[in-house]
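Number of protein chains: 2
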Amino acid sequence: MRNRFDLQLKQLNDDIIEMGNMIERAIEMGVYALIGHDTDKAKQTIDYDMDIDHMERDIEALCMKLLLQQQPVARDLRQISSALKMITDMERIGDQASDIAELSLQLGDVSDIDEISLIQKMANETMMMVVRGTEAYVTKDLDVAHNVIDNDDVVDDLFDQIKMALVKRIQDNHVKSFEAADLLMVAKYFERIGDHATNIAEWVIYSITGKHVDEADN
Amino acid sequence: MRNRFDLQLKQLNDDIIEMGNMIERAIEMGVYALIGHDTDKAKQTIDYDMDIDHMERDIEALCMKLLLQQQPVARDLRQISSALKMITDMERIGDQASDIAELSLQLGDVSDIDEISLIQKMANETMMMVVRGTEAYVTKDLDVAHNVIDNDDVVDDLFDQIKMALVKRIQDNHVKSFEAADLLMVAKYFERIGDHATNIAEWVIYSITGKHVDEADN
Numbered sequence: 001m002r003n004r005f006d007l008q009l010k011q012l013n014d015d016i017i018e019m020g021n022m023i024e025r026a027i028e029m030g031v032y033a034l035i036g037h038d039t040d041k042a043k044q045t046i047d048y049d050m051d052i053d054h055m056e057r058d059i060e061a062l063c064m065k066l067l068l069q070q071q072p073v074a075r076d077l078r079q080i081s082s083a084l085k086m087i088t089d090m091e092r093i094g095d096q097a098s099d100i101a102e103l104s105l106q107l108g109d110v111s112d113i114d115e116i117s118l119i120q121k122m123a124n125e126t127m128m129m130v131v132r133g134t135e136a137y138v139t140k141d142l143d144v145a146h147n148v149i150d151n152d153d154v155v156d157d158l159f160d161q162i163k164m165a166l167v168k169r170i171q172d173n174h175v176k177s178f179e180a181a182d183l184l185m186v187a188k189y190f191e192r193i194g195d196h197a198t199n200i201a202e203w204v205i206y207s208i209t210g211k212h213v214d215e216a217d218n
Numbered sequence: 219m220r221n222r223f224d225l226q227l228k229q230l231n232d233d234i235i236e237m238g239n240m241i242e243r244a245i246e247m248g249v250y251a252l253i254g255h256d257t258d259k260a261k262q263t264i265d266y267d268m269d270i271d272h273m274e275r276d277i278e279a280l281c282m283k284l285l286l287q288q289q290p291v292a293r294d295l296r297q298i299s300s301a302l303k304m305i306t307d308m309e310r311i312g313d314q315a316s317d318i319a320e321l322s323l324q325l326g327d328v329s330d331i332d333e334i335s336l337i338q339k340m341a342n343e344t345m346m347m348v349v350r351g352t353e354a355y356v357t358k359d360l361d362v363a364h365n366v367i368d369n370d371d372v373v374d375d376l377f378d379q380i381k382m383a384l385v386k387r388i389q390d391n392h393v394k395s396f397e398a399a400d401l402l403m404v405a406k407y408f409e410r411i412g413d414h415a416t417n418i419a420e421w422v423i424y425s426i427t428g429k430h431v432d433e434a435d436n
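Taken in sequence, the protein lines are chains A and B.
Counting with the numbering used here, you get residues 1 to 218 for the letters of the first sequence.
Counting with the numbering used here, you get residues 219 to 436 for the letters of the second sequence.
The hints are simulated quantities; they were obtained by calculation from the structure and are not laboratory data.
A few of these clues could be false.
[Claimed, not checked] Only pairs whose alpha carbons sit at most 30 Å apart, straight line, appear in this in silico DSS-like list of lysine-lysine:
| hint | chain 1 | residue 1 | chain 2 | residue 2 |
| --- | --- | --- | --- | --- |
| 1 | A | K163 | B | K303 |
| 2 | B | K339 | A | K163 |
| 3 | A | K85 | B | K259 |
| 4 | B | K339 | A | K168 |
| 5 | A | K163 | B | K381 |
| 6 | A | K176 | B | K381 |
| 7 | B | K261 | A | K85 |
| 8 | A | K121 | B | K394 |
| 9 | A | K41 | B | K339 |
| 10 | B | K394 | A | K176 |
| 11 | A | K65 | B | K303 |
| 12 | B | K429 | A | K43 |
| 13 | B | K259 | A | K211 |
| 14 | B | K429 | A | K163 |
| 15 | B | K339 | A | K176 |
| 16 | B | K339 | A | K121 |
| 17 | B | K303 | A | K85 |
| 18 | B | K394 | B | K381 |
| 19 | A | K168 | B | K394 |
| 20 | B | K381 | A | K43 |
| 21 | A | K211 | B | K261 |
| 22 | B | K381 | A | K85 |
| 23 | B | K429 | A | K121 |
| 24 | A | K163 | B | K386 |
[To be verified] Residues of chain A clear of chain B, computed beta-carbon distances all greater than 10 Å:
| hint | residue |
| --- | --- |
| 25 | D6 |
| 26 | N13 |
| 27 | D38 |
| 28 | L67 |
| 29 | V73 |
| 30 | R92 |
| 31 | S117 |
| 32 | M185 |
From a predicted model like this one, the values you see are computed outputs, not experimental measurements.
All C-beta atoms in this analysis are idealised placements derived from N, C-alpha and C, irrespective of residue type, glycine included.
Isolated chain A, as found in the complex (with noise of 0.2 Å):
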C-alpha cells in the first residue's frame, strides 16, 4: 500500500499548489474587477468562487480517503490533517476576492484615488503569502512558512496607511468621500485575506513540527 499511499500524497501537493494558485488568481481578478471598475471580470470572479470551493471539496474527499483507507500516523497524519486546515482558509479567501468584487460592482468609481496603489499592493502581497504558503507545505520549509507570517505584518501596515489616508481624505471633505469610505471596506477584505494566509503558514508549521505556532515559539 505504500508506494499508492506515496502517489495519493504526491496528488494531495499537486492540488495544494493548484489551489493555492487558483487563490492568487482570485484575487488577482478581484482586484483587477475593482481598479479596472470592470463588471465582466467582476461577474467572473464571482463565478471562479465555485471551482475553488469545488476544489475544496475535492481535496477533502482524497484527504478522507487517505486517512481512512491508510491510517497514517505521526508527520503523514499531521501533513493531512494540516491540508485540511489549510484548505478552509483558502476556501475563504477565495470568499473574499469574490466579496471584494461583489464590493466593486457597488462601489463608485474609485480608480483615481490616490490609496489605489496601496490596494494594489495589499492584493500583490497577499497573493504571495498564499502561493508561498502552499510551496512550503509541499518542500516542508519552515523558513519559507515563517516568513509568510512575518509578511502579514506587512499587509498590517498597508492597512493603517490606507485606513489613516482615507479617513483623513474623508476629514478634509474630499470630493469623493463616500468613495473614500468605499475603498476603506475593501481595504479591510484584504487585511482579513492576510489572517487567512498567515493560518495557511501556522498550519503549515504545524504539518512539519507538530507544534502550533505559539507552542512552537516557546
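Position chain B relative to chain A; hints supplied.
This is chain B only, laid out in the frame that chain A set:
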C-alpha cells in the same frame, strides 16, 4: 422506500430549521460581542462558526444520500438541490458573523457611537430574514419568501443611513473618527449578510416554483 424518503425529507427540513437558528444565534453573538466590547463572546462566536460548518457538512451529506439513494424528481429534487444551495449561503453568513466578532477584537470601543443602534437594527433585520427564510422553505410559503427578499431593502437603507452618518461624523472631525471608520466596516458585513439571506429566500422560491426569481417575476 417512500416512507423512508419522507422521513429523510423531514430530517432535512428539521436540519435546515436548526441551521437557521444557529445562524440567528451567530449573528446575535457577533453583535453582542461588538456592542458589549466583549472579548469572550467574540471568541465564542468565532468557535461557534465551526459548529455551523459541521452542520453544513451534515446537511450536505444527507442531501447527497437523498439524491443518490432515492433519485427524486420534480419538486422533491428541487427541494433537495435548493437545500444544497441554501446551506452555502447560510454557512457564509456564519463566516460573516465570525468576521464581525474578529473585527470587534481589533476595534476601539464603538459602543458609545450613536450609529451602533442602527447596527443593532441591521442585525435584528438580518436575523429575522434568515429565520423566516428557512421557515418559508419548510412551510413552502411563497409570500414569506418574497417578504424576506423585500426586507433586504430595509437592510440596504439602514446601511446607506449608517454610511451617510458615519462619513458625516468623520467629516466633522468627530473625536471618534477612526472608530466611526471601524463601524462602517462592520455595517458592510451586515449588509452582506442581508444579501446572503436574500439568496436563501430566492432558493426557497425556486424549490417551490421551479423558477428562478428573475424568471418568476416575468
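These are the hints, each one checked on the structure:
1. A/K163 to B/K303: 36 Å, violated
2. B/K339 to A/K163: 26 Å, holds
3. A/K85 to B/K259: Holds, because 23 Å separates the two Cα atoms, which is no more than 30 Å.
4. B/K339 to A/K168: 29 Å, holds
5. A/K163 to B/K381: 16 Å, holds
6. A/K176 to B/K381: 14 Å, holds
7. B/K261 to A/K85: 18 Å, holds
8. A/K121 to B/K394: 28 Å, holds
9. A/K41 to B/K339: 34 Å, violated
10. B/K394 to A/K176: Distance of about 21 Å is within 30 Å: holds.
11. A/K65 to B/K303: Since the Cα atoms of A/K65 and B/K303 sit roughly 25 Å apart, the hinted pair holds (cutoff 30 Å).
12. B/K429 to A/K43: 22 Å, holds
13. B/K259 to A/K211: 27 Å, holds
14. B/K429 to A/K163: 44 Å, violated
15. B/K339 to A/K176: Holds, at about 28 Å.
16. B/K339 to A/K121: 36 Å, violated
17. B/K303 to A/K85: 23 Å, holds
18. B/K394 to B/K381: Holds, because 15 Å separates the two Cα atoms, which is no more than 30 Å.
19. A/K168 to B/K394: Within the cut-off at roughly 13 Å; holds.
20. B/K381 to A/K43: Holds. B/K381 to A/K43 sits at ~25 Å (cutoff 30 Å).
21. A/K211 to B/K261: With a Cα-Cα distance of about 22 Å, the restraint between A/K211 and B/K261 holds, given a limit of 30 Å.
22. B/K381 to A/K85: Status violated; Cα separation ~36 Å.
23. B/K429 to A/K121: With Cα atoms ~43 Å apart, B/K429 and A/K121 exceed 30 Å; violated.
24. A/K163 to B/K386: 16 Å, holds
25. D6: 28 Å, holds
26. N13: 24 Å, holds
27. D38: Non-interface label stands for A/D38: nearest chain B Cβ at 20 Å, farther than 10 Å.
28. L67: 15 Å, holds
29. V73: 25 Å, holds
30. R92: It is violated; A/R92 is separated from chain B by about 7 Å at its closest Cβ, not greater than 10 Å.
31. S117: Holds: least Cβ distance 20 Å, greater than 10 Å.
32. M185: Per Cβ check, A/M185 is inside 10 Å of chain B; nearest 5 Å; violated.
This entry does not satisfy hints 1, 9, 14, 16, 22, 23, 30 and 32, going by the numbered hints stated previously.
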